[in-house]
Amino acid sequence: MNPPERGILVSITRKLFDASPWYGVFVAASELFVVIQQVSQRFDLDGYRVFRRADIADIDASFEGKTLIETALFIKGLTPSMPYRLDLSGMRELVESVQRQFGVMVIHREQLQPCEVEIGTVRLDTDHTYVLRWLTPHAEWSDDDRLFHYRDISMLEFGGEYERTLLMVASAKQTARS
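Positions 1 to 178 (this note's numbering) are the ones given, in order, by the sequence shown.
Hints are computed from structural coordinates only; laboratory data are not their basis.
Be aware that one or more of the hints could be misleading.
Unchecked claim - Derived DEER-like restraints, expressed as beta-carbon distance ranges:
| hint | residue 1 | residue 2 | range |
| --- | --- | --- | --- |
| 1 | S62 | T175 | 16 to 26 angstroms |
| 2 | S142 | E64 | 18 to 28 angstroms |
| 3 | D125 | K66 | 17 to 27 angstroms |
| 4 | E93 | E64 | 34 to 44 angstroms |
| 5 | D152 | A57 | 34 to 44 angstroms |
| 6 | R100 | A139 | 15 to 25 angstroms |
| 7 | Q111 | P137 | 32 to 42 angstroms |
| 8 | A61 | K173 | 40 to 50 angstroms |
| 9 | R100 | P137 | 17 to 27 angstroms |
| 10 | R85 | T175 | 25 to 35 angstroms |
| 11 | S142 | R164 | 13 to 23 angstroms |
Built from N, CA and C at the ideal position, the CB exists for glycine as well.
Produce the entire structure from the sequences given, and follow the hints as far as they go.
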């Protein structure tokens with residue numbers, strides 16, 4: 001499966017996890033990962049999503065509904081942007097580069113916890129494992145001492161409105177306490 005050119009609107013379906021496709025603008029790919037700037041249900045560009053390439057069943061650049069999404073983005077004056085310096089050579093490297101650039105990420109471990117995500121930052125890690133500083137739904141930081149494995153991450157999100165808002169509120173709370 002050859003990825004499309006950068007900047008092309010695509011739908012992505014994964015073999016094991018998705019009942020319906022994800023829509024987004026193709027940003028980057030490596031042997032391990034595919035990155036899109038995701039299109040929300042409001043027809044907005046809302047952060048980025050990284051898929052493990054091995055999980056992808058289909059990348060379609062001519063899907064039903066593409067014209068609607070392209071027209072909506074155009075009318076709203078939304079143009080895709082590309083994140084800089086994403087290291088797609090491995091999951092640990094990807095997580096580190098996302099954290100440096102965006103400060104917080106949404107981690108999916110769908111094979112182990114299909115209905116849960118972790119939002120936060122990595123505070124300790126080794127080559128194969130990490131420990132999180134979790135960002136709660138109330139924008140409070142909480143250290144999580146559980147050990148997670150990079151190999152269990154099935155999808156990564158970053159730069160989206162929800163996680164950016166949580167980070168801003170958490171930072172404001174921290175500043176107010178100082």
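In this structure, is the beta-carbon distance linking R100 and A139 contained in 15 to 25 angstroms? Holds - the Cβ-Cβ distance for R100 and A139, about 21 angstroms, lies within 15 to 25 angstroms.
Determine whether the Cβ-Cβ distance between Q111 and P137 falls within the hinted range of 32 to 42 angstroms. Check failed, 23 angstroms falls outside 32 to 42 angstroms.
At the C-beta level, are E93 and E64 separated by a distance inside 34 to 44 angstroms? 36 angstroms, holds
S142 versus R164 beta-carbon gap, inside 13 to 23 angstroms or not: About 19 angstroms separates the Cβ atoms of S142 and R164, which means 13 to 23 angstroms holds.
Cβ separation of R100 and P137, checked against the hinted range 17 to 27 angstroms: The hint (17 to 27 angstroms, Cβ to Cβ) holds, given that R100 and P137 are roughly 24 angstroms apart.
Against the range 25 to 35 angstroms, how does the distance between the Cβ atoms of R85 and T175 compare: consistent or not? Once the Cβ atoms are compared, 27 angstroms apart, the range 25 to 35 angstroms for T175 and R85 holds.
Please check whether S62 and T175 have a Cβ separation lying inside 16 to 26 angstroms. With a Cβ separation near 48 angstroms, S62 and T175 fall outside 16 to 26 angstroms, so the hint is violated.
Verdict for S142, E64 (Cβ pair) under range 18 to 28 angstroms: 42 angstroms, violated
Given the hint of 17 to 27 angstroms, check if D125 and K66 actually sit that far apart at their C-beta atoms. Because 39 angstroms falls outside the window, the suggested range is violated.
Measuring from beta carbon to beta carbon, are D152 and A57 in 34 to 44 angstroms? 20 angstroms Cβ-Cβ, so the 34 to 44 angstroms window is violated.
Just tell me: holds or violated, for the beta carbon distance of A61 and K173 against 40 to 50 angstroms? 43 angstroms, holds
This entry does not satisfy hints 1, 2, 3, 5 and 7, going by the numbered hints stated previously.
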